[in-house]
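Protein chains: 2
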Amino acid sequence: MEIKERFAERARDKSPSPIRELLKYMTIEGMISLGGGYPNPDTFAFESIDIIFRSGQSVHIEGKNLTTASQYGPSDAHAGLKSELRSWQQHKDAVSLNDDQLVVLNGSHEGLFIMSYLFLNSDDSVIVSEPTYPGALAAFKSFTQNFIQVPLDSDGMDTAALVEILAKIEMQGGPLPKFIYVIPNGHNPGGVALSDGRRKHLLRIASDYDLLVLEDDPYQLIKLDDSPLQPTLQSLDKEGRVIRLDSFSKIFAPGLRIGFASGHPEIIRQFVLFKQSSNLHTSTFIQEILMQYLSSVGHESFRDHIKKNCLLYRTNRDAMVAAVKEHLPAGISYNIPTEGMFMWFEMPEKHNAVRMMENYCEELKVILVPGGAFSSSGGCGNCMRASFSLVSPEQIGEGIRRFGEMIRKDG
Amino acid sequence: MEIKERFAERARDKSPSPIRELLKYMTIEGMISLGGGYPNPDTFAFESIDIIFRSGQSVHIEGKNLTTASQYGPSDAHAGLKSELRSWQQHKDAVSLNDDQLVVLNGSHEGLFIMSYLFLNSDDSVIVSEPTYPGALAAFKSFTQNFIQVPLDSDGMDTAALVEILAKIEMQGGPLPKFIYVIPNGHNPGGVALSDGRRKHLLRIASDYDLLVLEDDPYQLIKLDDSPLQPTLQSLDKEGRVIRLDSFSKIFAPGLRIGFASGHPEIIRQFVLFKQSSNLHTSTFIQEILMQYLSSVGHESFRDHIKKNCLLYRTNRDAMVAAVKEHLPAGISYNIPTEGMFMWFEMPEKHNAVRMMENYCEELKVILVPGGAFSSSGGCGNCMRASFSLVSPEQIGEGIRRFGEMIRKDG
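If you read the sequences in order, they're chains A and B.
Just so we're aligned, residue 59 is where the first sequence starts under this note's numbering, counting upward by one.
Just so we're aligned, residue 59 is where the second sequence starts under this note's numbering, counting upward by one.
These are calculated hints, taken from the structure and not from any lab test.
Hints may be right or wrong, so weigh each one.
No copy labels: a pair is met if it fits in one copy or bridges any two.
[Unchecked claim] Simulated pairs of lysine to any residue, SDA-like, Cα-Cα distance not exceeding 25 Å: (1) K72 with Q207; (2) K62 with S200; (3) K365 with I109; (4) K122 with F111; (5) K296 with P132; (6) K258 with P387; (7) K408 with L80.
Construct the complete structure from the given sequences, taking the supplied hints into account.
Here you go:
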């Protein structure tokens, strides 16, 4: 697979910092370097850091580790964290990544922007599901306004429809899209997962049409039942087409802003050059904390802790499903999510979600997000997203009851 | 001053997330929100954090503050930190910023990239000093390869030369550059400060030619003598032309990746929209830590602490200057820096710095950075940068002695 010619022009000329050329001399015995421009660690603010985690572990950072956490670091990753993340990916996805296949990001969201920077000229297009995650649309819209929509159903992105769309573009001689954007698990806002058959079909399509795939998977481990994880697109990919984004926002803490991208070394190399020129690197302080946590807690125990946290979401999901069955009128389509934090309601065409919120939100005192926010084309006007992440089961029950009333009032 | 028409096309269509429209309903009593997609704080990793600072302060973060630090936050800034930073800017620069004039970044370096994203089409140009900071060149090169060089001398960017260059461009009917990039204090690599007269002249020029100014000032507080701070360009600016970048990398710790941009509300608004679409926001965890530190240490005591740290750099600078006077042959130009971490040596034209390092680095065991790394046009081939930040006074003395030997060997 040829990668280079896919990059947008702006991303083609990037080369590593010339100062890095000098690093080869650094290890020579007796060398005095007046080269490095880093500030002196003796001036850094921290003496020591103690963190107690809810899972019971605690971490004490001082001395050499604290200096590493406080100093500038490599643009790809803190070495210790990279090693932990490679092993984490092996553990959860059975995927072996080399050192040049992983880059730590300011949250996986940064990966959406970097893909956009690297690949999207203003006349390029991206394949997205309808509906899709608005944060991804915002990132892609930083460089293009062209989207190709593929319908989403209870099995995720409709790959049969995708084939038809691509065949038509090809027949018309139009340029093919740069990549397929997929949220394989706990789709935000759709609340659906891509079925096993469609995962394989999607990769076959990508191969047939020579497309890249951007796998955005923040809800992978927010499981709401006991089924095993489905294979990731990355794990099924034999051709290096999948760039995968992993997040710690839902399984550790979102405020840290840490996630990582992994995939084809040539693409990851461009991610690293982008980091170097745009923000140098992700906070080494945050990377050290995550590294210390992962190495002290261990994979199995981390997974157990995540599972325990998922009970909260599972209880809330159950409360929402029960309330939906009890309170919503007939004719509302929805899916029962097996991962994530969202349910998506499609109402009959006559309903306008934005107007409903404007007319009844204050009176009925319930907020859902009108579907238009999740459309790349001003569609989904008759849809609503409900989140069950931040509310109690009681609030969920009452909230959905009010939503039912809102639908009835709207006629 | 008209701002909107200056933006690159890609930055013109950005609008805030449509979901934010719903925030107005959130404060209504009894409202149940199924809108927010944030993860539940009960699942977050942290129980408590204790930090001891070298300056003596200590900080304990738990409960509500820890939840804030762990959760997603606003794209512009953690509210408490923004307030601290406004007050910090007032304290050190006598500049009053409104809430809509400041945005916290993943290090001030991110501001270089954002300015580039917002303003630089591929046919636009930027004014830079020759030499200049290569990290800025890398950020600007993300979108354009066109630079207009202005010579640097012991008083900083040569504003008389700048006027000539701009007059010539105007006379030829060529498009004016988008902004002037300036490092006013402790210039990296030049080791010079912009003189008071030139600061005013630069702003007059910006006004005459209707240009924006990007003031990148990470070394402002790394003072190597007892002179008072010079007024920042921002403090002298009456027309809202200056976008200022402040860094905590040299006065707190670089590994955290935190800095901020401040300036014209219309530009800062675009910075915030960029943050929203590219990485959501700077780590709230890091923002909370900096906020807790600033509020517990107080401005005066923070300044004293920085001054104490500067003694290290001052001692090292003195050692380097003494060694330069003792060991370098005649005919080498240099400036004695009053801020920062760098000295810049211009050797006679016959010397080629890259070749010198290749020929003599291993033998003489000293590394300096060849000047070409700091040129936007392949210039500065006869220059070298020496940093005095990471080495002892003894190493500096010996390193410069070896550099002198290298120059002599090179004939």
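| request: Up to 25 Å between alpha-carbons, please classify K72 paired with Q207: within, between, both or neither. | output: Classified as between: cross-chain Cα gap 21 Å, same-chain 32 Å, threshold 25 Å.
| Given identical chains, is K122 near F111, meaning Cα to Cα at most 25 Å, within a copy, between copies, both, or neither? | Classified as both: same-chain Cα gap 22 Å, cross-chain 15 Å, threshold 25 Å.
| task | Could you place K296 and P132 in one of the four classes (within, between, both, neither) given a Cα distance threshold of 25 Å? | result | neither (29 Å within a copy, 40 Å between copies)
| Same-copy or cross-copy closeness of K62 to S200 [CA-CA at most 25 Å] | Answer is both: 21 Å inside a copy and 17 Å across each meet the 25 Å cutoff.
| task | Can you give me the call for K408 and L80, within, between, both or neither, at a CA distance of at most 25 Å? | result | between (67 Å within a copy, 22 Å between copies)
| request: At 25 Å max between alpha carbons, let me know whether K258 reaches P387 within a copy, between copies, both or neither. | output: neither (37 Å within a copy, 70 Å between copies)
| field | Intra/inter-copy verdict for K365 and I109 if alpha-carbon distance must be at most 25 Å | value | So K365 and I109 pass the 25 Å test inside one copy only (22 Å; across, 30 Å).
The structure shown violates the earlier hints numbered 5, 6.
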